[in-house]
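S.K.: Here is how the chains run, residue by residue.
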Amino acid sequence: MSTAAAPPPKKLNRIGLDLAPYKGLKTTLCAGCGHNSISERIVEAFFEMGVAPWQVIKLSGIGCSSKSPAYFLSMSHGFNAVHGRMPSVATGALLANRRLLALGVSGDGDTASIGIGQFVHLLRRNLPIIYVIENNGCYGLTKGQFSATADLGSKLKTGVVNDLPPIDTCMLGIQLGATFVARSFSGDKRQLSALLRAAIGHRGTVVLDVVSPCVTFNDHEGSTKSYTYMKDHEEPLHEIDFVPFFQDIEVEIEPGTRREVTLHDGSRLALRKLGADYDPSNKLEALRVLEESGRSGEVATGLLYLDTGREDFLELLNLVEEPLALLPEGRLRPPESALAEILEELR
Amino acid sequence: MSTVELARPQESAWRGSGPVVNDFSIQVATVNGSGSQTANIVLLRALFRMGIPVSAKNLFPSNIAGLPTWYTIRANNRGFIGRKKEIDFLVAMNPETAEEDVRNLGPGAAVVYDAPLGLNRLRSDLHFYPAPFDKLVAGVCPDAKLRRLVRNMLYDGILAHLLGIEVEEIRTALFKQFKKKVKAAELNWRAVEAGVEFAAENLPKTDPYRAERMDANGNKIIIEGNAAAALGAMFAGVTVVTWYPITPSSSLCETLIEYARRYRIDKETGKATFAIVQAEDELASIGMALGAGWAGARSMTSTAGPGVSLMSEFVGLGYYAEIPTVIFDVQRVGPSTGLPTRTAQGDLLSTALLSHGDTKHILLIPSNPEECFEMAIQAFDLAEELQTPVFVMLDLDLGMNYWMAEPFPYPKGGLKRGKVLTAEDLERLNGFARYKDVDGDGIGYRTLPGTEHPLAAYFTRGSGHNERAAYTERPDDYVRNMDRLGRKMETARRMLPRPAVELAPGARVGLVAAGTTHWALVESRDQLEREHGMTTSYCRVRAFPFDHELGEFVAAHERVYVVEQNRDAQLLDLMKLELEPALTAKLRSVRYYGGLPLDARTVTDGILEQEGM
Chain A
54 MSTAAAPPPK
64 KLNRIGLDLA
74 PYKGLKTTLC
84 AGCGHNSISE
94 RIVEAFFEMG
104 VAPWQVIKLS
114 GIGCSSKSPA
124 YFLSMSHGFN
134 AVHGRMPSVA
144 TGALLANRRL
154 LALGVSGDGD
164 TASIGIGQFV
174 HLLRRNLPII
184 YVIENNGCYG
194 LTKGQFSATA
204 DLGSKLKTGV
214 VNDLPPIDTC
224 MLGIQLGATF
234 VARSFSGDKR
244 QLSALLRAAI
254 GHRGTVVLDV
264 VSPCVTFNDH
274 EGSTKSYTYM
284 KDHEEPLHEI
294 DFVPFFQDIE
304 VEIEPGTRRE
314 VTLHDGSRLA
324 LRKLGADYDP
334 SNKLEALRVL
344 EESGRSGEVA
354 TGLLYLDTGR
364 EDFLELLNLV
374 EEPLALLPEG
384 RLRPPESALA
394 EILEELR
Chain B
391 MSTVELARPQ
401 ESAWRGSGPV
411 VNDFSIQVAT
421 VNGSGSQTAN
431 IVLLRALFRM
441 GIPVSAKNLF
451 PSNIAGLPTW
461 YTIRANNRGF
471 IGRKKEIDFL
481 VAMNPETAEE
491 DVRNLGPGAA
501 VVYDAPLGLN
511 RLRSDLHFYP
521 APFDKLVAGV
531 CPDAKLRRLV
541 RNMLYDGILA
551 HLLGIEVEEI
561 RTALFKQFKK
571 KVKAAELNWR
581 AVEAGVEFAA
591 ENLPKTDPYR
601 AERMDANGNK
611 IIIEGNAAAA
621 LGAMFAGVTV
631 VTWYPITPSS
641 SLCETLIEYA
651 RRYRIDKETG
661 KATFAIVQAE
671 DELASIGMAL
681 GAGWAGARSM
691 TSTAGPGVSL
701 MSEFVGLGYY
711 AEIPTVIFDV
721 QRVGPSTGLP
731 TRTAQGDLLS
741 TALLSHGDTK
751 HILLIPSNPE
761 ECFEMAIQAF
771 DLAEELQTPV
781 FVMLDLDLGM
791 NYWMAEPFPY
801 PKGGLKRGKV
811 LTAEDLERLN
821 GFARYKDVDG
831 DGIGYRTLPG
841 TEHPLAAYFT
851 RGSGHNERAA
861 YTERPDDYVR
871 NMDRLGRKME
881 TARRMLPRPA
891 VELAPGARVG
901 LVAAGTTHWA
911 LVESRDQLER
921 EHGMTTSYCR
931 VRAFPFDHEL
941 GEFVAAHERV
951 YVVEQNRDAQ
961 LLDLMKLELE
971 PALTAKLRSV
981 RYYGGLPLDA
991 RTVTDGILEQ
1001 EGM
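Those sequence lines, one after another, are chains A and B. Following the working numbering, the numbering of the first sequence begins with 54 at its first residue and continues without gaps. Following the working numbering, the numbering of the second sequence begins with 391 at its first residue and continues without gaps.
Quick caveat, the hints were computed from the structure, so don't treat them as lab data. Warning: the hint list may mix true and false statements.
To be verified - Derived EDC-like pairs: lysine to aspartate or glutamate, alpha-carbon spacing no greater than 16 Å straight-line:
(1) B:LYS806 <-> A:GLU382
(2) B:LYS802 <-> A:GLU375
(3) B:LYS569 <-> A:GLU368
(4) B:LYS566 <-> A:GLU368
(5) B:LYS610 <-> A:GLU398
(6) B:LYS802 <-> A:GLU382
(7) B:LYS570 <-> A:GLU374
(8) B:LYS657 <-> A:GLU375
(9) B:LYS610 <-> A:GLU397
(10) B:LYS661 <-> A:GLU374
(11) B:LYS661 <-> A:GLU398
(12) B:LYS569 <-> A:GLU397
(13) A:LYS242 <-> A:GLU292
(14) B:LYS661 <-> A:GLU368
(15) B:LYS566 <-> A:GLU397
(16) B:LYS610 <-> A:GLU394
As the list claims (entries may be wrong) - Covered by chain A, according to a simulated footprint, are these stretches of chain B (three or more residues, beta-carbon under 8 Å):
(17) 612-625
(18) 657-667
(19) 837-849
No residue lacks a Cβ here, since even glycine has one placed at the ideal position from N, Cα and C.
All chains should be modelled from the sequences, with the hints used to inform the complete structure.
M.R.: Encoded structure:
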């Protein structure tokens, strides 16, 4: 009896690629690290949306989170920048080539401490980028010091208690100009997948803060960024069904039970009510929910805020359609007559 | 009015007692924010249009209004346009400093001043020209609110009469300055006329200084170094400009914005072929410039010393990750609350070796606006050819002051974009290794993000990578990469602007300088020759790493004075790093670091002291 079986046919996405180009190197992060789950979701989301990997740039700062771009999208140009300053590199790259799709991966220290200056200005500009914060409340790569997103009263493994209030990156995002702000949990596969795929379809700054437990330094009793804590305290605002722009699916709508929003690429998000109705276009409501969840210790997750009306930074600059990096000399160097005219004015 | 018999100022002693034609300095002492800049530029341009070599130095405080400012114009028929220490003609408009300004003059100088200040009581060895400024301005400017601005134009008229500056040239310069604001120009012109009339009727000339038309300026232009660098960047095809305001570099990007809006908007679409972004700080401006360079744009930023400090970490990454970008450093005295409006060459050493680990950067050092323009263009080519950040080192004196310049030549040859592989190249080569030294020059091939090919991507990070851009911490990989980067700098050395060398036959003493020190140095060489019979050779360094010619120059002389504008002999220190020990023993140092543009006499005195003369 023959034991040889034909390999199962590879699944191809809408641009004819299999999963391999969307994968990266084997992770070197700790087994069970939340960041690895996020990397897996990124691989799936970009594959499923059929994004051409060579159109993507993946950028990061410094830290465990920032190592992770090596673990996905091996056919995309990557840039591991300096600590906290990936936003400026991403800004420059997008100015040079507006057709690129930028995926930034950062951590809570990289974003909320050393990188807070560049982060808030990224938000102001509404730069078109998916900015993922792999938020574990501590500095993993330097062995577990508190970061600025650690909750008041949370405990280090050594018993040290955090006595400073946290910076809520989602609140900052909403206040300062990001146009797609969401919070999720690395263990909430379904929600994170939907949010990532939606983020790909958004044009503007996406802040996606993902609580991502550090199994080595911050997954113990007393931590508010542990798997156990998140399983007990995650409060999804809604269930999210994602319908990509290239699938013509009618979602059955029971009146009053869901909201639907359309993204820039035509994809749709159906937000199914879980408790109270939540309107993600209401800025003040979003801030209220975050403020209350901060006080109660519950972690509100889901699509917190969406604004599809605001122009992104590149649109504001009135740039030519073609990437600036690829313009030929004839469009870059003004003619000799221009120099002659300028010189005459200086006599 | 004082008309006593006068002692000649020391500097003029050799000229005899006749009129002194086209060799004088004017200093206008005002309060900043009083709108004197227009009057000063008009004066400068009128002298320039009379064919007389001129220069201007704006000595201003870090303040918007109310503190003393001095504007110095020098006319010199032999073309010496460095700062002259001695003031021949003072215009004392600032009551706060007037007495001290008068006391500081050498005997025989002339003073135009506001009559109520009564300055003629202070000295008996000067030529005093009092004028009732308030009364005169009231006569031409009925609107009291405008008088403060128009008032300064009176001294242009008075000086025109006293020095013989052609009023038609004042008029032309004035209307040029006001461009389309004809009404304002006419009002100011009436003030000039009032000044001329008053002087003609009330101020008999007693001083010897005269301006006479000559023909030394040919087809020249007048421009600040920052504007020249901005034009260079535009004609180099810069596409991404990121900056953060800082004195004395702000006007570089601001001028670039003006020109780019005129000459870099697509005619058909009305869209820009450039992006200029004011960043939140210098940490971000350099990050953006590097991100843009990485993605294939011709990118730049401009800053001053404090900004360069903030950029340090990123520039190191740029060096190791091999990313092209151009950084204009308009040097000044530091730090943040130092003397931000005073000039210096204080960033040479720290910038050449900026960042941590073994880093070394290319510096281009212009001395004049022509080089600001040309080196800006070269910098973009070099950055992309060598895949590394390139610095253009101006200083406040060059960047913010007006200089005469030959008209800039239109750049020849195309943009040199360096080793970039396209999708077609990748298909033919079946991939690439980003940091492999294929050509033996230390420079690898790169691809741009967005290149549509499965083999185009690579991962950019600091020094922890092998030839294929994969992460590694292996000692042999690290050493191989560092050695290649070293070879790349040797390649760079052969591509950079070579020094300008003037060998005087039989000279035993050589002089070395860079940047604006040049202007004091050429005049100092003349003083040494004329006053002391000392012949010198001269090597003007124009780039770092240094060309081998610098070593040959030092070898050919007994003693070599390195003249520079900082305390710690930074240029000399860099020479010590690069030259043979036997040569460095020949080096001597002349330094000035008072914050004002360097003058020739200081250089001459510094050399003579060490020569024991």
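S.K.: Sort out which numbered hints this structure fails and list those numbers smallest first.
M.R.: 2, 3, 4, 7, 11
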